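Asks: Residue numbers (our numbering), protein chains in the order written: chain A, 622 to 894; chain B, 622 to 894; chain C, 622 to 894; chain D, 622 to 894.
A few of these clues could be false.
Think about it this way: if two alpha-carbon atoms lie no more than 20 Å apart in a straight line, the pair counts; the simulated EDC-like pairs of lysine to aspartate or glutamate are [claimed, not checked]: (1) LYS889(C) to ASP837(C); (2) LYS809(D) to ASP644(B); (3) LYS809(D) to GLU751(B).
Hints were generated in silico from the structure; no laboratory data involved.
Just so we're clear, the structure is a prediction, and the values are computed from it rather than from any experiment.
Number of protein chains: 4
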Amino acid sequence: MPHPVDVVLTFDVDAESLWDARDPDSLAKPIWRSQGRYGPRVGLPRILRLLAEHAIPASFFVPGVVIQRYPDEIGTVLEAGFAINHHSHTHTWAQNLSEQQERDEFGLALEVIERFTGRRPTGYRSPSAEFTPRTVALLVELGFEFSSNMFDDDSPYLLRDGDTSTDIVEIPFAWHMDDAPFFLYSNKLPGRSIAAPSAVLETWTLEFDQLSREPDRCLVVAMHPQVIGRPSRMWVLEQFVRHVLDSGTGSFTTLERVAAQARPTLLKEAGRA
Amino acid sequence: MPHPVDVVLTFDVDAESLWDARDPDSLAKPIWRSQGRYGPRVGLPRILRLLAEHAIPASFFVPGVVIQRYPDEIGTVLEAGFAINHHSHTHTWAQNLSEQQERDEFGLALEVIERFTGRRPTGYRSPSAEFTPRTVALLVELGFEFSSNMFDDDSPYLLRDGDTSTDIVEIPFAWHMDDAPFFLYSNKLPGRSIAAPSAVLETWTLEFDQLSREPDRCLVVAMHPQVIGRPSRMWVLEQFVRHVLDSGTGSFTTLERVAAQARPTLLKEAGRA
Amino acid sequence: MPHPVDVVLTFDVDAESLWDARDPDSLAKPIWRSQGRYGPRVGLPRILRLLAEHAIPASFFVPGVVIQRYPDEIGTVLEAGFAINHHSHTHTWAQNLSEQQERDEFGLALEVIERFTGRRPTGYRSPSAEFTPRTVALLVELGFEFSSNMFDDDSPYLLRDGDTSTDIVEIPFAWHMDDAPFFLYSNKLPGRSIAAPSAVLETWTLEFDQLSREPDRCLVVAMHPQVIGRPSRMWVLEQFVRHVLDSGTGSFTTLERVAAQARPTLLKEAGRA
Amino acid sequence: MPHPVDVVLTFDVDAESLWDARDPDSLAKPIWRSQGRYGPRVGLPRILRLLAEHAIPASFFVPGVVIQRYPDEIGTVLEAGFAINHHSHTHTWAQNLSEQQERDEFGLALEVIERFTGRRPTGYRSPSAEFTPRTVALLVELGFEFSSNMFDDDSPYLLRDGDTSTDIVEIPFAWHMDDAPFFLYSNKLPGRSIAAPSAVLETWTLEFDQLSREPDRCLVVAMHPQVIGRPSRMWVLEQFVRHVLDSGTGSFTTLERVAAQARPTLLKEAGRA
Chain A
622 MPHPVDVVLT FDVDAESLWD ARDPDSLAKP IWRSQGRYGP RVGLPRILRL
672 LAEHAIPASF FVPGVVIQRY PDEIGTVLEA GFAINHHSHT HTWAQNLSEQ
722 QERDEFGLAL EVIERFTGRR PTGYRSPSAE FTPRTVALLV ELGFEFSSNM
772 FDDDSPYLLR DGDTSTDIVE IPFAWHMDDA PFFLYSNKLP GRSIAAPSAV
822 LETWTLEFDQ LSREPDRCLV VAMHPQVIGR PSRMWVLEQF VRHVLDSGTG
872 SFTTLERVAA QARPTLLKEA GRA
Chain B
622 MPHPVDVVLT FDVDAESLWD ARDPDSLAKP IWRSQGRYGP RVGLPRILRL
672 LAEHAIPASF FVPGVVIQRY PDEIGTVLEA GFAINHHSHT HTWAQNLSEQ
722 QERDEFGLAL EVIERFTGRR PTGYRSPSAE FTPRTVALLV ELGFEFSSNM
772 FDDDSPYLLR DGDTSTDIVE IPFAWHMDDA PFFLYSNKLP GRSIAAPSAV
822 LETWTLEFDQ LSREPDRCLV VAMHPQVIGR PSRMWVLEQF VRHVLDSGTG
872 SFTTLERVAA QARPTLLKEA GRA
Chain C
622 MPHPVDVVLT FDVDAESLWD ARDPDSLAKP IWRSQGRYGP RVGLPRILRL
672 LAEHAIPASF FVPGVVIQRY PDEIGTVLEA GFAINHHSHT HTWAQNLSEQ
722 QERDEFGLAL EVIERFTGRR PTGYRSPSAE FTPRTVALLV ELGFEFSSNM
772 FDDDSPYLLR DGDTSTDIVE IPFAWHMDDA PFFLYSNKLP GRSIAAPSAV
822 LETWTLEFDQ LSREPDRCLV VAMHPQVIGR PSRMWVLEQF VRHVLDSGTG
872 SFTTLERVAA QARPTLLKEA GRA
Chain D
622 MPHPVDVVLT FDVDAESLWD ARDPDSLAKP IWRSQGRYGP RVGLPRILRL
672 LAEHAIPASF FVPGVVIQRY PDEIGTVLEA GFAINHHSHT HTWAQNLSEQ
722 QERDEFGLAL EVIERFTGRR PTGYRSPSAE FTPRTVALLV ELGFEFSSNM
772 FDDDSPYLLR DGDTSTDIVE IPFAWHMDDA PFFLYSNKLP GRSIAAPSAV
822 LETWTLEFDQ LSREPDRCLV VAMHPQVIGR PSRMWVLEQF VRHVLDSGTG
872 SFTTLERVAA QARPTLLKEA GRA
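Using the sequences and the hints, build the whole thing.
Replies: Put into structure tokens, the structure is as follows:
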């Protein structure tokens with residue numbers, strides 16, 4: 622007897638910042654950088670169209686510099702009714718940040734997003750799939766309400782700072798529910814390969830089917846418009862959306878809503894509500 | 622005419638220790654480490670449920686630090702009736718160990734396991750798929766009865782120290798019967814990719830089918846709850862279990878039992894019984 | 622209702638220069654270098670035969686040194702009625718070039734191609750999928766009319782130098798529409814794997830099918846005779862060609878024609894016509 | 622109308638030498654080394670059984686040290702009626718050899734093979750898929766008759782030393798017709814993945830089918846008993862053998878026979894007969 626599963630499609634609109642963060646000489650490499658431009662310019666419209674066709678919600682993470690560089694494109698995310706969450710300012714990887722730089726990454730992007738959207742972002746995803754030892758304290762200090770960063774569960778829980786749990790709801794994901802391990806490729810990124818679209822679709826639909834055998838699960842899919850927005854990969858996303866909709870057991874939602882629904886119970890379980 | 626094949630499902634419950642061993646700065650990387658927590662917390666219950674449903678045995682290897690960190694979770698392995706074998710104390714890779722450190726890795730974990738389970742572990746699997754030149758002598762000295770580490774056979778044999786055979790039964794395995802080469806991924810582990818679940822199922826079922834054409838074979842599957850315990854991979858394990866059960870020629874057993882059954886014959890063949 | 626899609630098969634006939642550029646000691650490695658020879662000697666005739674059988678056009682890029690080394694083989698490209706475009710002189714990667722060297726790479730190959738074909742090449746593809754910060758200015762100075770280098774669109778546009786658009790038409794491509802990420806392998810190129818032909822065919826046909834749902838798209842397939850020209854990969858190309866021809870919506874063309882058709886509209890849109 | 626294709630199954634019986642050559646500390650790593658032992662001990666008997674069942678020939682390459690270490694196992698190759706060809710003495714990679722060392726590698730293995738088989742080996746395959754600039758001259762000096770090393774054709778030709786052709790017949794192969802790129806894996810070999818058996822079978826059968834559309838082609842499959850000899854990979858080899866036999870157009874032969882048949886024509890074409 623299948624259980625309902627919350628499914629959240631999340632999109633990190635990194636544009637060039639994904640590539641800048643992986644190569645300090647990126648600015649001297651126009652083709653390398655062009656890989657990122659595909660995201661906001663070509664992939665994002667396809668994604669918004671697919672979401673509109675099926676009338677399903679999604680969650681977006683956008684670095685500050687991408688909003689500054691692509692205000693029209695990112696504006697379409699807002700017009701479609703989606704919130705924009707925090708994904709750092711420049712997409713710099715955590716291990717390369719000093720304490721002050723990390724603080725600046727948070728502050729600058731908060732400012733840009735608030736000015737651009739009129740709303741303070743409530744959720745955070747790290748651009749490098751890593752925190753520094755200071756990140757959780759910063760998230761608490763800055764009033765974040767949810768995080769989607771960890772790899773240790775299939776259900777939301779209260780984010781921990783070391784062994785102490787915070788009030789922030791963590792909604793974890795997994796590498797095999799991310800498009801980049803399967804599809805992100807460059808001849809200058811060593812050791813990468815490109816998967817068949819059907820192999821990814823198989824992984825994602827199996828993950829959903831198996832999760833719906835258990836109660837209270839939430840499935841987060843982490844994507845990048847420059848990766849999943851390519852035509853042959855939009856096929857994967859579209860087939861996955863249809864699979865979930867046809868299942869009768871999955872429903873698409875946002876990280877905000879997952880966090881809001883989970884928080885009262887989680888706080889109560891933690892003896893804090 | 623197919624032959625009976627002994628099939629042993631083995632689980633290395635490494636939790637964070639798998640990641641700590643691969644990065645000396647692991648403790649400063651909470652997301653990196655979170656990948657391991659999935660194993661005892663989410664993957665392991667699924668595995669125990671599957672084993673219970675089909676009433677099949679399995680063999681577990683757990684580092685000492687994981688028992689200390691997750692006593693409740695590892696306790697469920699004992700409650701389900703499975704033995705816990707030796708997988709080092711901290712999961713440190715063999716090439717990074719001095720003679721004294723290797724001795725400590727053995728001693729500390731022996732103490733922890735014996736205290737936790739009331740039973741001295743009789744089997745050993747290296748956490749790095751490697752021995753030092755001293756390891757076999759240590760296994761003999763410490764009274765181990767079986768090892769599941771080598772890559773050189775599809776049947777048990779007497780473990781050799783150089784050219785001298787010991788009384789320890791080696792039950793070898795193979796990389797393609799391990800979940801990690803197919804599924805273990807991190808953006809900070811260079812050169813890795815993620816396989817389709819069906820590709821792994823194909824490999825494992827073909828291996829079983831082909832082995833059952835030969836007498837006296839034993840098939841060891843090496844898994845990690847943090848890897849195979851993910852929903853889409855549990856499908857692989859479940860389908861593999863059904864395939865073996867439906868074959869009529871395979872039967873699930875433990876490494877202890879394989880070792881106990883093989884030892885008299887092997888010792889006799891070696892002229893030592 | 623499907624839209625017509627322009628499909629351009631492009632072939633980089635790199636021969637040994639692909640390998641020389643990746644290893645400064647290449648000349649001392651006859652087997653390493655032999656990998657490239659397959660392209661003009663064995664792969665190219667197969668490709669020309671397939672194009673002739675289906676009476677379809679294609680675009681070729683050939684380094685100057687390859688024309689010098691294989692005049693007979695490259696001559697068959699001309700005899701078949703195809704133009705030869707600029708792909709550098711020695712296939713040296715952009716990041717290894719000084720300003721003068723880059724200028725020489727352009728000048729030497731222009732001379733060789735013009736002398737060999739009687740026609741100045743009008744299009745350029747970088748041998749390393751990278752430009753230096755000076756490349757676009759050089760392309761303008763040297764009178765190039767089109768470029769097929771970027772990764773940021775599925776339609777032609779005016780190539781930019783920084784933020785300024787030029788009159789050169791860029792016809793972008795994508796890594797998953799290139800044969801090398803799937804098939805290029807050597808035991809001395811770290812971190813590479815070999816895909817199943819059907820996985821590549823799936824990617825390419827899905828890309829075409831999805832693109833034909835959108836107006837004004839152009840699909841560039843980037844291939845190397847030494848890679849796609851292998852028997853099992855010619856199957857991929859042949860099946861892809863049949864798929865496009867059978868679709869009724871795709872038509873094969875050249876980069877020259879795509880550029881010529883797109884230029885008036887693009888210049889008008891840029892307010893320059 | 623399909624053409625007959627010569628198909629040659631070749632087996633490099635490298636045992637531990639494959640691993641020793643990739644790690645100077647190999648002798649201190651008993652598990653790493655155990656991967657090689659599988660070849661002569663377990664994989665080789667399966668291969669000989671398959672060849673006998675279908676009554677088909679094959680060509681073997683064995684390093685001198687492997688003959689010394691596994692005389693009984695390598696003896697079964699001779700008993701089955703197959704010749705043993707030269708694959709260096711210690712499997713050391715070409716780039717690590719001084720002139721004298723390369724000469725010794727040839728001389729020592731020649732001695733070992735001649736003493737063991739009573740026959741001087743007539744063919745050579747490099748253990749590292751590479752020659753030094755001196756290798757071809759050595760092959761000529763030592764009287765070798767064929768080589769199976771290059772990647773530049775699908776038919777035999779006269780091996781060249783620089784631009785001068787020798788009397789040695791080269792019978793080239795290709796990485797995708799080798800089992801190692803698909804299956805060779807170790808957690809200490811960076812950047813490797815494991816393919817599905819069906820993906821390899823698809824590649825090999827497509828290669829054969831496509832080659833049989835052309836006259837005078839020869840298909841060399843390069844395998845290692847420690848790789849292809851694993852149960853799930855023996856399935857690939859067996860299915861491939863059946864496919865070739867069922868095709869009616871392929872016939873299995875040896876490199877010796879291919880070389881002997883091709884030599885007169887090749888010498889005549891070169892104006893030397």
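Asks: A separate judgement is required for each hint: does it hold in the structure or not?
Replies: Comparing the hints with the structure gives:
{"no.": "1", "hint": "LYS889(C) to ASP837(C)", "result": "16 Å, holds"}
{"no.": "2", "hint": "LYS809(D) to ASP644(B)", "result": "15 Å, holds"}
{"no.": "3", "hint": "LYS809(D) to GLU751(B)", "result": "10 Å, holds"}
Hint compliance for this structure: no hint is broken.
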